[in-house]
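There are 2 protein chains.
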Amino acid sequence: MPHDILVLTEADLRKAVRLDLKAIDVVEEAFRALASGGVIMPPILSMDIPQVHGEVDVKTAYIPGFEGFAIKVSPGFFDNPKIGLPSLNGLMILFSAKTGLVEALLLDNGFLTDVRTAAAGAVAARHMAPSTVETAGVMGTGVQARLQMIAAHQVRPFSRLLVWGRDAAKATACANDLAETLGIEVQAEPDPARLVAQSQLVVTTTPAREPVLKADWLHPGLHITAMGSDQEGKNEIEPTALTRADLYVADRVSQCEKLGELAAAIHDGVWHGGTPPELGDIVSGAGTGRTGDDQITICDLTGTGAQDTAIATFARARALTAKAGTTIQS
Amino acid sequence: MPHDILVLTEADLRKAVRLDLKAIDVVEEAFRALASGGVIMPPILSMDIPQVHGEVDVKTAYIPGFEGFAIKVSPGFFDNPKIGLPSLNGLMILFSAKTGLVEALLLDNGFLTDVRTAAAGAVAARHMAPSTVETAGVMGTGVQARLQMIAAHQVRPFSRLLVWGRDAAKATACANDLAETLGIEVQAEPDPARLVAQSQLVVTTTPAREPVLKADWLHPGLHITAMGSDQEGKNEIEPTALTRADLYVADRVSQCEKLGELAAAIHDGVWHGGTPPELGDIVSGAGTGRTGDDQITICDLTGTGAQDTAIATFARARALTAKAGTTIQS
Numbered sequence: 000m001p002h003d004i005l006v007l008t009e010a011d012l013r014k015a016v017r018l019d020l021k022a023i024d025v026v027e028e029a030f031r032a033l034a035s036g037g038v039i040m041p042p043i044l045s046m047d048i049p050q051v052h053g054e055v056d057v058k059t060a061y062i063p064g065f066e067g068f069a070i071k072v073s074p075g076f077f078d079n080p081k082i083g084l085p086s087l088n089g090l091m092i093l094f095s096a097k098t099g100l101v102e103a104l105l106l107d108n109g110f111l112t113d114v115r116t117a118a119a120g121a122v123a124a125r126h127m128a129p130s131t132v133e134t135a136g137v138m139g140t141g142v143q144a145r146l147q148m149i150a151a152h153q154v155r156p157f158s159r160l161l162v163w164g165r166d167a168a169k170a171t172a173c174a175n176d177l178a179e180t181l182g183i184e185v186q187a188e189p190d191p192a193r194l195v196a197q198s199q200l201v202v203t204t205t206p207a208r209e210p211v212l213k214a215d216w217l218h219p220g221l222h223i224t225a226m227g228s229d230q231e232g233k234n235e236i237e238p239t240a241l242t243r244a245d246l247y248v249a250d251r252v253s254q255c256e257k258l259g260e261l262a263a264a265i266h267d268g269v270w271h272g273g274t275p276p277e278l279g280d281i282v283s284g285a286g287t288g289r290t291g292d293d294q295i296t297i298c299d300l301t302g303t304g305a306q307d308t309a310i311a312t313f314a315r316a317r318a319l320t321a322k323a324g325t326t327i328q329s
Numbered sequence: 000m001p002h003d004i005l006v007l008t009e010a011d012l013r014k015a016v017r018l019d020l021k022a023i024d025v026v027e028e029a030f031r032a033l034a035s036g037g038v039i040m041p042p043i044l045s046m047d048i049p050q051v052h053g054e055v056d057v058k059t060a061y062i063p064g065f066e067g068f069a070i071k072v073s074p075g076f077f078d079n080p081k082i083g084l085p086s087l088n089g090l091m092i093l094f095s096a097k098t099g100l101v102e103a104l105l106l107d108n109g110f111l112t113d114v115r116t117a118a119a120g121a122v123a124a125r126h127m128a129p130s131t132v133e134t135a136g137v138m139g140t141g142v143q144a145r146l147q148m149i150a151a152h153q154v155r156p157f158s159r160l161l162v163w164g165r166d167a168a169k170a171t172a173c174a175n176d177l178a179e180t181l182g183i184e185v186q187a188e189p190d191p192a193r194l195v196a197q198s199q200l201v202v203t204t205t206p207a208r209e210p211v212l213k214a215d216w217l218h219p220g221l222h223i224t225a226m227g228s229d230q231e232g233k234n235e236i237e238p239t240a241l242t243r244a245d246l247y248v249a250d251r252v253s254q255c256e257k258l259g260e261l262a263a264a265i266h267d268g269v270w271h272g273g274t275p276p277e278l279g280d281i282v283s284g285a286g287t288g289r290t291g292d293d294q295i296t297i298c299d300l301t302g303t304g305a306q307d308t309a310i311a312t313f314a315r316a317r318a319l320t321a322k323a324g325t326t327i328q329s
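Top line first, the protein sequences correspond to chains A and B.
Quick note: the first sequence, position 24, residue 23 per numbering that gives the first Met the number 0, numbers continuous.
Quick note: the second sequence, position 259, residue 258 per numbering that gives the first Met the number 0, numbers continuous.
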């Protein structure tokens, strides 16, 4: 029996989906559901293709209460830049959670992943950062540095922002972009220790394999969200910071143990905190979050299939409202 | 950088792709590549959704020498028939094996899986059945009963065909359909023992959980292909048949140990044959196949991601030649 499938290109999606409070709320809902126990999220299917310097990851999750579930396919082909193509691509497929029929093909080339990743950062900031953030800091100068700050500013409207990157020119460019977008004071800060010292909220967005944020820099009233580690071997935060903090929270413990900051802390033998709470526990109130503005908290984000299902469902709804995309009968 | 993506509906694919010798050859090529060791085929990603009586499987494989690799998503939602929808759906996504870019979306609703499954049966018959097959038998009366015989007839042009099913009316209908399609004598045979006794090639295509083919029925000069078992707990062939046969071959040992006829034989403690050869070994000559027309051989097919990559690549090429489908820029 033929049915309609909505096909959305990256251009359609960029018009229809914004990184706004609604997007943040729908990702928060996914984390809340994750904590409730009804979410089904199988381990990531991962295929390395060394012959072509490529890899493909497939993620999915079923969330009770969401009308659809997404399957996300993320290829990374690292020789692409040599021929003028981006390394990362991919798409999401949204299926009806009632019938399994394909409802939408989201040819987003990673755009929706960017949005849902930044939205998760905002969820972490909303539930874990001190109630007032005057100065925020971001480490890293790429797409996520920009999006994380755009998202975080909606839940903690800081008046000042510091940007650190290994490349000073990129840090300045990122600072200029964010000053224009947010309409606040933004400065490139060449000393990462000074950036952390002045900030109440720091987001690390680097692909670092050696820590870029030292445990000695922790200070009362600081929240750190680390979102750069998404593969074994990556590490942004000095492992002892996780135990020095009053609270460490994982987006998904089973992933953070393998891919996140937690993996490095376990590897170094410095983690003795048992099973940490998950962000969904903090969001839902099932776990205890920050209990005072002077505490030090850390949130470790590795990215979950539940976020993909949330953003894909959201994107389809926004696109239908905007009458975006092409409908195919199949 | 926008690029073209070919979108093919089930109707487009049914027009462009036929179960012919070319399709059989391309699936054979996938098996040959599997044996060569360069194929990358991760374990299946499987998500059960008991809340909605559904499940989703994701398969993929990279085959050196193929221009693309497929990711196949197969949802099964078993309450669908109550609302007039088929239980099984799904699609394949074809990616460039050089860049990881999406090349084609194949909205086949399982049609290409049907074709590649039947083509694998023909590969098994071509390389394992006696050189001359006068009478073939098929157990089961569904889509695969028909397609398996259409495929097998192209590599072993038998002049007579017997059909057995639990439902006599369905067996007659299947026999009538195949008589018309193949233009040969086809009879419904109510006694499965008699069907096997008269046949040199038997294909089992049932979802049986108790054997429908007994070990005592084996006779010299018989080849059996069992393709019905694709889940734990399914079992078409009495386990002792596997050891009584001169040769047992798996499409993929690691899968057959879990899902195939081999799983039942291991479970019953009757399998003592060590690691059996794979169909690709027989195809490529790396393993020893049938060495005489009087031997008894069995091939166990559970379905592989390599077949999906082969048929998806083939389908795209056929569709481009036929100028079928819709092109989307993304």
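Among the hints, erroneous ones may be present.
Heads up, the list lumps identical chains together, so a pair's fine if it works in one copy or across two of them.
Only pairs whose alpha carbons sit at most 20 angstroms apart, straight line, appear in this in silico EDC-like list of lysine to aspartate or glutamate [to be verified]:
| # | residue 1 | residue 2 |
| --- | --- | --- |
| 1 | 169 | 133 |
| 2 | 257 | 47 |
| 3 | 81 | 66 |
| 4 | 213 | 19 |
| 5 | 97 | 54 |
| 6 | 97 | 47 |
| 7 | 97 | 56 |
| 8 | 233 | 209 |
Keep in mind that the hints were calculated from the coordinates and are not lab data.
Against the structure, the hints:
Taking CA atoms no more than 20 angstroms apart as the test, residue 169 paired with residue 133 passes in neither setting, with 24 angstroms inside one copy and 74 angstroms between copies. In this homomeric assembly, residue 257 and residue 47 come within 20 angstroms of each other (Cα to Cα) only inside a single copy, at 17 angstroms, whereas the closest approach across copies is 24 angstroms. Taking the closest pair of Cα atoms, residue 81 and residue 66 come within 20 angstroms of each other only across two copies (19 angstroms); inside a single copy the shortest separation is 41 angstroms, beyond that limit. Taking the closest pair of Cα atoms, residue 213 and residue 19 never come within 20 angstroms of each other, the shortest separation being 32 angstroms inside a single copy and 64 angstroms across copies.
When the C-alpha separation of residue 97 and residue 54 is checked against a cutoff of 20 angstroms, the pair qualifies only between copies, where the shortest distance is 11 angstroms, while the shortest distance within a copy is 31 angstroms. Within a single copy, residue 97 and residue 47 get their C-alpha atoms only as close as 33 angstroms, which misses the 20 angstroms cut-off; across copies the closest is 13 angstroms, which meets it. Taking the shortest alpha-carbon separations for residue 97 and residue 56, only the inter-copy value of 16 angstroms comes in at or below 20 angstroms, while the best intra-copy value is 25 angstroms. Taking the shortest Cα distances, residue 233 and residue 209 sit within 20 angstroms of each other inside one copy (7 angstroms), while across copies they are farther apart (50 angstroms).
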